[in-house]
Each structure stands twice: as C-alpha cells, then as structure tokens.
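Asker: Model the full assembly from the supplied sequences, consistent with the hints where possible.
What follows is each chain in one-letter form.
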Amino acid sequence: MRVFYLSSLLCAGLLGATTPKVQSISLTGAQNYYLSQELLQRIQRLIGADLRQPAVDELVQEIRNELGESSVSQKVIPGDQPEHVKVVLQVVPASDPAPEPPALEPVDVNVNSRYVVEGIDIRGAEERKLSDDLAEEIQERIGQRFSQDAIDDLARRIRKELRARTVASKVVRGTQPERVRVVFEVGMQREEETGYHLSKFVYHSKQAWSAKAYGDIDLGDNAALLVGIASDADDLLERYAGIGAGFEARKIGSDRVRLGFLFESYHQQWNRATLEALDTSSSDVPGIYRTRKSFQPVLTVLLARPLKLTVGAAFHQIQMQYPTIRNLAANAATAALRYQQRFRGAGKEKQEVRASYEVRAAARTLDSDFVYARHQWTAAYKIGGPNQEVVASFSGGRLSGQAPLFERYSLGNSTTLRGWNKFEVAPLGGDRAAHNTLEYRHRVDGGTQLVAFYDVGAVWNRGSPAEARHAVGFGLRTWRFQTALAFPVRSGRMEPMFMAGVYFTEGAEF
Amino acid sequence: MPLRRRDLLLAGLGAGARRGHGAESLRVRLSGDRILVAAPQLRFLLGRPLERLHNGASVWFDFQLSAVAERPAAGVTPRVLERAVERFAVSYDLWEEKFSVSQLSRTARAASHLTSAAAETWCLEHVPLATGALGPARQFWLRLEVRAEEARDRAPLLSEPGINLSRLIELFSRPGRTGQPSWLVEDGPFRLADLKAVGRPSARAGFSPASGGRLQSY
Chain A
28 MRVFYLSSLL CAGLLGATTP KVQSISLTGA QNYYLSQELL QRIQRLIGAD
78 LRQPAVDELV QEIRNELGES SVSQKVIPGD QPEHVKVVLQ VVPASDPAPE
128 PPALEPVDVN VNSRYVVEGI DIRGAEERKL SDDLAEEIQE RIGQRFSQDA
178 IDDLARRIRK ELRARTVASK VVRGTQPERV RVVFEVGMQR EEETGYHLSK
228 FVYHSKQAWS AKAYGDIDLG DNAALLVGIA SDADDLLERY AGIGAGFEAR
278 KIGSDRVRLG FLFESYHQQW NRATLEALDT SSSDVPGIYR TRKSFQPVLT
328 VLLARPLKLT VGAAFHQIQM QYPTIRNLAA NAATAALRYQ QRFRGAGKEK
378 QEVRASYEVR AAARTLDSDF VYARHQWTAA YKIGGPNQEV VASFSGGRLS
428 GQAPLFERYS LGNSTTLRGW NKFEVAPLGG DRAAHNTLEY RHRVDGGTQL
478 VAFYDVGAVW NRGSPAEARH AVGFGLRTWR FQTALAFPVR SGRMEPMFMA
528 GVYFTEGAEF
Chain P
521 MPLRRRDLLL AGLGAGARRG HGAESLRVRL SGDRILVAAP QLRFLLGRPL
571 ERLHNGASVW FDFQLSAVAE RPAAGVTPRV LERAVERFAV SYDLWEEKFS
621 VSQLSRTARA ASHLTSAAAE TWCLEHVPLA TGALGPARQF WLRLEVRAEE
671 ARDRAPLLSE PGINLSRLIE LFSRPGRTGQ PSWLVEDGPF RLADLKAVGR
721 PSARAGFSPA SGGRLQSY
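Chains as they are written, first to last, in this note's numbering: chain A, 28 to 537; chain P, 521 to 738.
No lab work stands behind these hints: they were computed from the structure.
All values derive from a computational prediction rather than experimental measurement.
Beta carbons are placed, not taken as given, at the ideal position from N, Cα and C, and that holds for glycine.
You may find that some hints are simply not true.
[Said to hold, decoys possible] Here are the computed distance ranges between Cβ atoms for each label pair:
| hint | chain 1 | residue 1 | chain 2 | residue 2 | range |
| --- | --- | --- | --- | --- | --- |
| 1 | A | 479 | P | 568 | 49 to 55 Å |
| 2 | P | 567 | A | 163 | 35 to 41 Å |
| 3 | A | 174 | P | 711 | 44 to 50 Å |
| 4 | A | 250 | P | 568 | 43 to 49 Å |
| 5 | P | 616 | A | 75 | 27 to 33 Å |
Answerer: See the structure below:
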C-alpha cells in the first residue's frame with residue numbers, strides 16, 4: 028500500500044521530476060513519548076530532507092519495534108508547498124481489531140546480504156570437476172549481493188556433483204570494504220581425497236580380470252591411512268598380486284602441500300610369451316622376478332591452480348628368479364609435473380588440456396642395482412559441448428640404461444592400443460614407446476556416451492625400427508564405467524578384444 | 521516481588537541441552553496481557569552457532585516460552601497452560617562485527633548493530649507469553665527452551681508464507697538431536713498478581729535500552 032501511495036504521487040506528476048522534500052511527519056494513534064529520544068531525533072532529521080522510501084520504511088520499522096505489538100501504516104500525501112510531501116504514520120495497537128499484518132515471505136535475513144560477493148573459492152577439490160553449468164552459476168554469483176539461500180544451494184549442488192562427503196560454506200571479508208568472499212570447503216569422499224588413484228576393476232578378453240581395490244581410513248586432522256589389495260594383469264607385462272598400505276598427510280603447512288608414502292608387496296605371474304621371449308632374446312632385458320616390494324614416499328606441491336609438482340623416491344626390491352634366486356634393488360628418484368586446465372568457449376563449448384612429464388632415475392648412489400632413467404610424456408586435449416566430445420591424446424616414453432621389466436613400456440591393454448594383445452605387440456615391452464588416441468564421444472542418454480576411437484602406437488627398442496600398429500573400436504562410457512569392443516587393423520585374421528571396467532585411476536574421467 | 525520464590529528448576533530437555541545452573545533464572549515482567557522474560561545469564565551465541573555466525577552464515581534459533589502448571593521434574597510432562605514460540609534468524613556482520621536479528625513470524629521485526637549479549641536479549645524481549653489461561657492467583661512455572669537449528673530443519677517451516685507455528689511447536693515436542701545446541705531455563709513458581717507490571721508499550725519499558733543497537737526493517 029505504501030508503494031501505491033508513493034507511486035501514485037509520482038504518476039500523477041504531483042512531484043515533478045525532482046525528488047520531493049518531507050514537509051512533516053505525523054504520528055497518529057500513539058503518543059510521542061512512547062518513542063525513544065533517539066528515534067524522535069531521527070524523525071526530526073528526516074523533516075526537510077529528500078523523501079526516500081527506504082528511509083521511511085526503516086522509520087516505520089523502528090517505530091513498530093519500539094511500540095512492541097503495534098503495527099504502523101504509512102501514507103505520503105502532497106504537502107502545502109510545491110515539491111513537498113507529508114508523511115503520515117498511523118499506529119494501530121495490536122489489541123484493536125485491525126487486520127492481521129501480512130505474513131512474511133521467506134527472505135534472506137542474513138545481514139551480509141548487503142555485501143557484494145567479490146569471489147568464490149573452492150578448497151579441497153578441483154573446480155574443473157564441476158559441470159559447466161554449475162561452474163557458470165558459481166561465476167555468475169560473483170558481483171552479486173551475497174545470498175545465503177543461493178550459497179546454500181550451490182553448496183548442495185557441489186556436494187552432489189563431486190560426490191563429496193561434506194561441503195561447508197564460509198564467508199570472509201573481501202579485499203575491499205563492503206565485499207565478501209565465499210569459500211566452499213569440500214570434504215571429498217575417500218577415493219578422491221587420496222593422492223593415490225589406484226582402484227579399478229577391469230575385464231579384458233586376453234588378460235582376464237584385473238582388480239585393484241584401495242581405500243583409505245580417515246585418521247582426522249587431514250591424515251589418512253591407505254590400504255588395498257590387487258591382482259592386476261592390465262598395467263604391466265606381469266600379473267602382480269598382493270597388498271599395499273600407505274599414509275597420506277593432506278596438509279603440510281598448507282593445503283597446497285601433501286606428503287604420503289605407499290608400501291606394496293606383490294607376487295608375480297608371467298605370461299608364456301614373455302618367458303619364451305626372454306629365452307630367445309639376446310637383448311640385455313633383465314629376467315623375471317618372483318616378488319616385488321616397493322616403498323614410495325611422495326611429496327606433492329600444488330604450484331599454481333593448474334600446475335602440480337610431485338617429487339619423491341621409489342625403492343623397489345625384487346627377487347630375481349634366474350639364474351639364481353637373489354634380491355636386487357631398483358631405487359629411483361622420481362619427479363612429475365602435471366598440468367590441467369579447462370577453458371570455456373562460446374556457449375556451452377568447453378575445452379580441457381592435460382599434460383604431464385614424469386621421470387624416474389635409478390642410480391648407484393641410491394644403492395640401486397639397476398641404473399636407468401625413465402621418461403614419460405603425456406598430453407591430452409578434449410573439446411566438446413553437452414552432447415559431443417572429441418578427445419586427442421598422446422603419450423611417449425624413453426628409457427635409457429637397464430631397467431627391470433616393470434619399468435619397460437608396453438602397449439595393448441584396456442587403455443592403450445586397444446584391440447591388440449600386448450604380448451603379441453612386444454612380449455618384453457620396449458624402451459621406447461609412442462601412442463596416440465583419437466576418440467569421439469556422443470551422449471546418447473543422460474550421462475551415457477557412445478564412443479568410437481582410433482588408437483595408433485608403437486613400442487620398440489633403441490636401435491630397432493618402430494612398427495606402428497592401429498586399432499579401431501567402439502563402446503559405451505558412463506561415469507567411470509567403460510566398455511569397448513576393439514579391432515586391430517591388420518591383414519589376416521582380426522580377433523576383436525572386449526574390455527569393460529570401472530576405473531578410479533588418474534585421468535580415467537577425462 | 522515479595523511472594524516470588526526464585527527457584528531454578530532443572531529438567532532434562534534432551535541430549536545436548538545446556539541446563540541452567542544456580543546462577544541462571546528468569547526475570548519476569550507483566551506487560552498488559554503478556555508476560556515478558558529476561559534471562560541475564562543465558563548465553564546462546566557461543567560454541568558452534570557462534571562459529572557458524574562468524575563464518576557468515578545465518579543461524580536460526582527457536583524459542584519456546586511456556587507456562588506450566590506443575591513444578592517441572594524429571595520424567596514428568598508438565599501440563600502447559602500457555603505457550604509462545606518464535607523463531608529468530610541471527611547473522612553476524614562480517615565488516616561491522618555486529619550481530620543482526622530478524623524475527624521470523626507474522627510480526628516483522630529486526631534489529632542490527634547489536635553486541636552478542638544485546639542480540640540475545642533482543643530475542644527474549646520478543647517472545648511474549650499470553651496470560652489468558654493464567655488466573656491472577658494461580659501458581660505457574662516458566663520454562664524457556666532455546667534451540668539452534670541446522671539448515672536442514674528450515675525448509676518445512678518456510679514452505680508456506682510466514683512461519684508454521686504448529687510445526688515449531690511440534691519441533692519442541694521432540695527431544696533435540698544429538699549434538700544440537702539447546703538451552704533450558706526453568707523458574708517459578710509465579711503468580712500474575714505478584715508480577716511487576718510495566719506500562720504499555722511493554723517492549724520498550726525496561727528492555728529496549730539494553731539492546732544498544734539499531735532497529736531496522738528488511
């Protein structure tokens with residue numbers, strides 16, 4: 028009603044183009060002495076000033092507060108002088124049979140809602156894992172007034188999308204007055220918290236089942252204990268089976284620094300092709316081993332949001348099987364640099380780039396029986412929209428010196444050169460490798476994508492010619508589950524490979 | 521208050537309830553046909569609710585002031601003669617480092633620029649208890665319950681315009697959740713005839729200067 032009065036005056040042209048001044052403020056239905064001296068002075072100050080609706084509203088509210096159960100209506104009427112108005116405030120005691128004041132609509136009652144959101148930070152999880160829609164909505168909140176409801180809603184959606192255990196919002200002062208920053212502190216589920224992305228469950232028609240199940244036990248105070256079991260024939264030239272345990276401190280002085288170590292103890296099984304190749308090979312490839320134990324301390328530093336540095340060591344003890352059973356050490360210093368960045372294009376288009384370089388250097392100074400340097404490069408690019416994506420990825424490796432079999436490159440498993448059997452490609456692996464994948468994904472239903480891919484790769488030894496192999500295939504992909512039927516491109520008999528699995532490994536969601 | 525025996529009674533409210541102790545009691549005044557209380561020793565802007573406020577969130581506090589016919593005792597559900605329930609949203613101004621309170625009922629009231637003690641006082645000042653069922657000579661006890669609410673309890677109460685008082689009463693009829701911050705102060709016996717009456721408007725008399733803050737609309 029009060030808006031009506033003021034609007035009416037404006038529409039009627041009574042006030043002209045200028046803001047009218049308050050000629051008087053009258054209070055009816057109550058005695059002035061019920062009001063505090065401070066409030067009376069405020070009323071006096073409004074007289075003669077420009078009429079501002081917020082000021083009148085505030086005054087009404089203050090009068091209502093001071094008069095307890097009373098309600099106060101307001102009227103603005105033309106004054107006796109040009110460009111002046113009179114404000115009439117009518118106090119209605121609650122005991123009067125006056126109509127009940129209207130119910131309050133749910134409002135944002137947080138006093139900080141008058142401040143502007145200067146920025147929004149997400150801690151404890153990587154922002155790039157959010158959907159584009161949610162990421163855009165978060166960005167859109169910046170520059171707007173703080174809204175508790177909106178922030179609560181964003182927190183709920185972040186938790187849902189990241190499958191986080193908790194998402195707590197925190198509002199802090201901004202860098203400038205009247206501005207605030209919102210911080211979402213994400214408590215991730217355990218497989219996301221750990222820096223060790225190891226778990227997977229895969230079936231491959233040539234390699235049979237591979238399973239790795241690692242979980243962590245939250246010790247509180249940003250620390251976790253990691254335990255797991257594995258029987259994996261997919262990663263390496265060997266099938267390794269055993270247990271692992273580790274510890275991770277997720278905050279060393281800063282959220283940007285993590286320290287962890289992993290101990291693993293595995294028994295090996297070897298493919299007949301590998302054994303036969305060793306018998307006939309004249310190369311300096313070391314022989315097979317029965318057990319492999321490793322201890323790997325790792326320090327991870329988030330240098331900048333897209334750039335992560337990992338340094339550490341890998342102490343391996345392997346029990347060689349031939350010519351006599353003996354233990355050898357393969358101790359290496361390790362380092363890795365990883366870059367991940369997501370870009371948004373026009374409309375719904377998004378792009379993502381990932382790149383990494385990893386080196387492991389084993390030397391006598393580390394009391395290693397093997398001396399080698401292993402380099403690996405990866406790069407991947409993804410572009411797409413809500414329904415289609417194209418992914419191109421490259422990986423390459425170079426190994427110098429003499430390294431045990433688990434360090435040698437192999438292609439032809441559930442993620443590389445799909446369609447080929449790695450023991451057919453290179454039963455002893457190689458010290459050089461290059462691999463390319465081109466993948467097209469089309470969303471068919473909800474989060475399910477139909478995938479068509481082309482893989483090309485070669486693994487070879489220094490001084491030998493590289494033979495490129497090609498494979499094509501198709502499959503389905505949803506969340507972390509992937510299934511594919513892949514065909515090697517070659518003359519003669521083509522035996523397709525079927526593979527299906529759930530991956531929690533690094534990069535599986537790319 | 522010659523006949524008023526200030527006798528703090530303790531009763532279990534549920535897990536997490538902070539019970540009053542000997543120093544806590546209610547100051548009771550009569551304002552027209554309403555009873556107003558103050559609890560100078562009651563501090564509820566502390567602990568986890570205070571931490572959330574300092575993190576910029578608004579925290580909702582539910583108040584129930586009830587007049588019961590019998591002295592509250594463990595294991596006995598007292599007969600409620602009158603009851604008042606209110607919900608307040610408290611927030612903390614990150615820049616001015618002052619508290620703001622909004623009453624979430626059909627009566628729109630808010631106050632800002634309050635100290636924590638003033639914010640607590642302001643809430644209590646705005647939980648008037650009707651005296652309709654209390655005869656002048658009838659003895660009654662007062663029971664003040666305060667609960668801090670989590671965000672998940674908000675939606676059902678705000679699914680309709682204004683606040684659902686029935687839902688709020690129902691909420692108080694259940695024990696608080698484990699770990700839910702809650703407070704309980706019981707005092708009595710009282711008689712209306714013994715209460716000091718203050719002139720209308722009641723809220724101003726005796727209480728408002730304590731807030732030391734600025735009132736505002738929203």
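Asker: All hints are to be evaluated individually against the structure, with a verdict given for each.
Answerer: The hints, checked one at a time:
no., hint, in the structure
1, 479(A) to 568(P): 49 to 55 Å, "holds, 53 Å"
2, 567(P) to 163(A): 35 to 41 Å, "holds, 37 Å"
3, 174(A) to 711(P): 44 to 50 Å, "holds, 48 Å"
4, 250(A) to 568(P): 43 to 49 Å, "violated, 23 Å"
5, 616(P) to 75(A): 27 to 33 Å, "holds, 28 Å"
Hint violations for this structure: number 4 only, all remaining hints satisfied.
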